[in-house]
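J.: Here the sequence shown is numbered in the working numbering, starting from 182 and rising by one per residue.
Worth flagging that the hints you see were computed from the coordinates, not collected in a lab. Keep in mind that this is a model prediction, so the values were computed, not measured. Just so it is clear, CB atoms sit at the ideal spot from N, CA and C, and this is done for glycine as well.
Think about it this way: if two alpha-carbon atoms lie no more than 25 Å apart in a straight line, the pair counts; the simulated SDA-like pairs of lysine to any residue are:
hint : residue 1 : residue 2
1    : LYS445    : THR382
2    : LYS384    : ASP338
3    : LYS205    : TYR270
4    : LYS391    : ILE407
5    : LYS391    : TYR424
6    : LYS445    : PHE345
7    : LYS368    : ASP340
8    : LYS282    : PHE257
9    : LYS368    : PHE442
10   : LYS445    : VAL351
11   : LYS339    : ASP349
12   : LYS282    : GLY331
13   : LYS445    : ASN324
14   : LYS384    : ASN335
15   : LYS368    : PRO277
16   : LYS391    : GLN414
17   : LYS282    : GLY333
18   : LYS368    : HIS422
19   : LYS282    : ILE238
20   : LYS282    : GLN188
21   : LYS282    : ILE185
22   : LYS282    : GLU258
Cβ pair distances, simulated, as ranges:
hint : residue 1 : residue 2 : range
23   : ILE341    : LYS223    : 46 to 54 Å
24   : THR386    : LEU200    : 43 to 51 Å
25   : ILE262    : PRO210    : 16 to 24 Å
26   : ASN348    : LEU200    : 52 to 60 Å
27   : PHE257    : SER342    : 46 to 54 Å
28   : SER226    : THR386    : 27 to 35 Å
29   : GLY430    : ASN405    : 19 to 27 Å
30   : ASN405    : PRO322    : 21 to 29 Å
31   : ILE262    : ILE221    : 46 to 54 Å
32   : PRO376    : ASP198    : 56 to 64 Å
33   : LYS339    : ILE221    : 43 to 51 Å
34   : LYS223    : GLN415    : 47 to 55 Å
35   : ASP447    : THR291    : 43 to 51 Å
36   : THR289    : LYS223    : 46 to 54 Å
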Amino acid sequence: MSTIIIQRLDGTNYDLDALGFRVKQFNIPLNNYSYAYQQIGKYGSTRTDSYQQYLVIPLILTITAEDINDYNLQLFELRRIMRSDEDFYVINSVMPYMRWKCRAEAVTPTQNGNFWRSSDVTISLDCADGYAESVATTLTPMNFSSGAWGFGQNIPDKDISFEFSSNDFVFHNLGLIPLTADERPAKIIFNGDAPNGFTITNKTTGQTFKLNRGVSRADTVIINGIMPLVNDQQAYKDSNHGYLDFAIGENQIHIDGASNFDIKFDTRFYY
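Hey, can you work out the whole structure from these sequences and the hints?
T.: Written as structure tokens, this is what we have:
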């Protein structure tokens, strides 16, 4: 079994196997959905919506130690590693470029007889997102040599970038779910000359964002979900109140009203 890394939000990594917590299983269940139905007439219903539920990921390990004192210290170490007053990330070393944001449910380890090890300890990891996320963002160069991206992330067999300077380009959403402005937004960073404002249209989704105020290349426009910022100041009143989602796969993007510009996307993908 590959080793499992627990990564705290401050960036501290704990290699469970190296610390004496022998990982036996880390099995990711398939996604679970719930459905909403509306009664139609007397003889049936129509499905009106579906929802992705959170995942419970079982992590099975044994606690090993040198003696009974060390065993009790290992129990405290496991409590420290798995404390769930905040989220933490779980990384399988086989695919170190993906991570699961989790919290651990309560568990009571049991010592295995007189031996300085535990019986199997099953820790249920609650993953509210329901998906793994890429460790890297789209601001990280997308190539296999960097170690930040890897197989299974739907990277096409061609050079792709998330920084553009042309009016028409393709944004690739490599994940398994859409990037939506209200749940998992893709941050858009724009610098360019647009004396009368500019528009960004996602032809794939049919959505348009328009900034109605003029900006120059010295200004920085950030669109993060539904809230646009100009030089770190809210500019919602100066927009059409539109927002941009990104469908799975290729999204055809068009920009009007701007010249001498650069636009880049900062997002993770979800698998």
